[in-house]
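There are 2 protein chains.
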Amino acid sequence: MPTANSLVALLPATIPFVGPERLERENGGAFKARLGANECNFGCSPDAILAMDKAAREDVWKYSDPEAWELRQALAGHIGISMDELVVGPGIDNLLGLTVRIFSDTGDPIVTSAGAYPTFNYHVAGFGRRLVTVPYRDDKEDLDALAAVAERERAKIVYLSNPDNPMGTWWSGAAIEAFIDMLPDETLLILDEAYGELAPDGVRPSIDTGRRNVLRFRTFSKAYGLAGLRVGYLFGPADLCVHYHKVRDHFGVNVMAQQAAQAALADQKWLEQVSVQFEAARKHIAAVAAANGLVPLPSATNFVTIDCGRDGDYAMRVLKELNAREVFIRKPGAPGIDRCIRVSCGLPHELDYFEATLPEALKAAE
Amino acid sequence: MPTANSLVALLPATIPFVGPERLERENGGAFKARLGANECNFGCSPDAILAMDKAAREDVWKYSDPEAWELRQALAGHIGISMDELVVGPGIDNLLGLTVRIFSDTGDPIVTSAGAYPTFNYHVAGFGRRLVTVPYRDDKEDLDALAAVAERERAKIVYLSNPDNPMGTWWSGAAIEAFIDMLPDETLLILDEAYGELAPDGVRPSIDTGRRNVLRFRTFSKAYGLAGLRVGYLFGPADLCVHYHKVRDHFGVNVMAQQAAQAALADQKWLEQVSVQFEAARKHIAAVAAANGLVPLPSATNFVTIDCGRDGDYAMRVLKELNAREVFIRKPGAPGIDRCIRVSCGLPHELDYFEATLPEALKAAE
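Chains H and V, in that order, are what the protein sequence lines are.
Be aware that the first sequence starts at 0, since it is given in numbering that gives the first Met the number 0, and climbs by one per residue.
Be aware that the second sequence starts at 0, since it is given in numbering that gives the first Met the number 0, and climbs by one per residue.
Next up, chain H with everything else stripped away, as it sits in the complex (with noise of 0.2 Å):
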């Protein structure tokens, strides 16, 4: 019968994220605090809302504009850019796949962070590339490091994300910039900034055409609450965009991603009053874990990062002792930062919830 290549034969069957979906099967009921996944439990804009429901009855019969161009058009003007300077994807995790095809070949090193992206990885994996990694310090991306190993690895490809996930911490501009300057110019840098719209001011570098190696990647998932439809967005040189023409699904960004991402987009009043959600349930989830003796870390992004003030075991039990609480929440996996839980935003009740069963759980977990 057919075989799957060498490559493919080789890697394990594997989902980075298990869905809360699954759990909710094997746990036979629904959470009733979704705080896993860093979505936004406060929904998205009226304004995209009213736009797919137009979609549903006028326009999903058709394939979508293969250009997503009013979309791409859209967000340029927003950024004040160029449309050949922008990419539209189904989602930054489908862009990270393609940049690593593109950008780099087999057996080449590609640098992260040990405890990054788990998508990103996977994706490196998929295409039989070498993942170096470099540890957190600090709790931070490890600047220094990154750049050094670039250099050393003469690496195609580093990844960062700022702010960071899975930790919530973030670095200026003004160290993203200077850190761009430490890095080899071959390397490319994927600057993961899916959470940027939620940080505050000084956190985004200038927008800088100028920089020839970084691609700057964005999505509608996070603080404008679309994680479902699936659209995310990548900017930088325009010789490096026109690559990923070449090789992306053309109809890849749906009918309704399109029309209720320019929605959202144009609703930058709502951005504002969901961002002052986000900040209270940030404060919400601090107060929780501190009084219950943890420790929040800063946060520039929809989650909250606790560190448990043991190891990873117990980090873990604690997780556990939470899900099994109908309390959804993740955690990250390093050795180092793995004494963490990592708690998304929600709604209040939500919130209160999470407030109510924490102790429980940490007696649980002891």
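Any given hint could be a false lead.
Copies of the same chain look alike in the list, so a pair counts if it works inside one copy or between any two.
To be verified - Here are the computed lysine to aspartate or glutamate pairs in the EDC-like style, where the Cα-Cα straight-line distance is at most 16 Å:
#, residue 1, residue 2
1, Lys268, Asp46
2, Lys245, Asp143
3, Lys31, Glu325
Keep in mind that the hints were calculated from the coordinates and are not lab data.
Starting from the structure of chain H, add chain V where the hints point.
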């Protein structure tokens, strides 16, 4: 600066299908008849619209179930197979790319008919495989020649669509089964049944999971009217399906797609009535062709391919004259079949407009 690898560097930046939206931007107005993309101009099931309304309000902020559990369960039940014999993906296009990636290696021969699905060829080129083509014969894919070339080349993959796009013709299920028996055991047959729901009885071979080297591809983009949502699936031996889970984008099948597809699948009565609409539209298109001295080919799909009776240049002029008159159609491109144009089923008023426009277009194309 960073560079694409040697494979991607040499690929053209291309779109297998230029979208009607681009033509509309260039023409400065919308088409009056959208008859070029083999969509379902009759829309989708009202139950699917209700599902989308609900998802827009309740679920779209969540990441989709990466296992698409409920949809896979429904599809497996509908077909009468087990869930591990089925893979759901964001459209057949995406699944074709994964299939090339998984079941062949750089430089491996892959066989298809000259003028068959361009997006498949795009993925073959995109992964650096070697495309070997076989001419159509009597406006059908030439099963004997495809099998002979697969044997000669020791092809890793053979692509066949039945019913066929772009010709609309078909082989019986029995002929397809005999074709499978002719293929080398190690050659994977991609049996693209995108138009399968619209085919007469006997066109689809029996569901026989005993065949170890066949994957069958279906979609919600055609008869089900959900092209804009991106949801397709494949089914076949579980030990072939398992490889997709090693390399696919896990969140790629969006929330809307999963829920609307499930609702559409459950509404088989809607499928029955839309099939009647498609049949009436095929007859209308065929009658218009015949009334203008052209020869409509028999069709088991949602389009009718029309033999314009001269060479490819003439048929291209007919297409351009129709497009210039706000009728969007496409046409086969390969020598021999390029004498045809391809007209998708449309709403009665669209076909009336096509009927009124074709005589002028033919005159202008002289």
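* **Earlier hints that do not hold, by number** => 2
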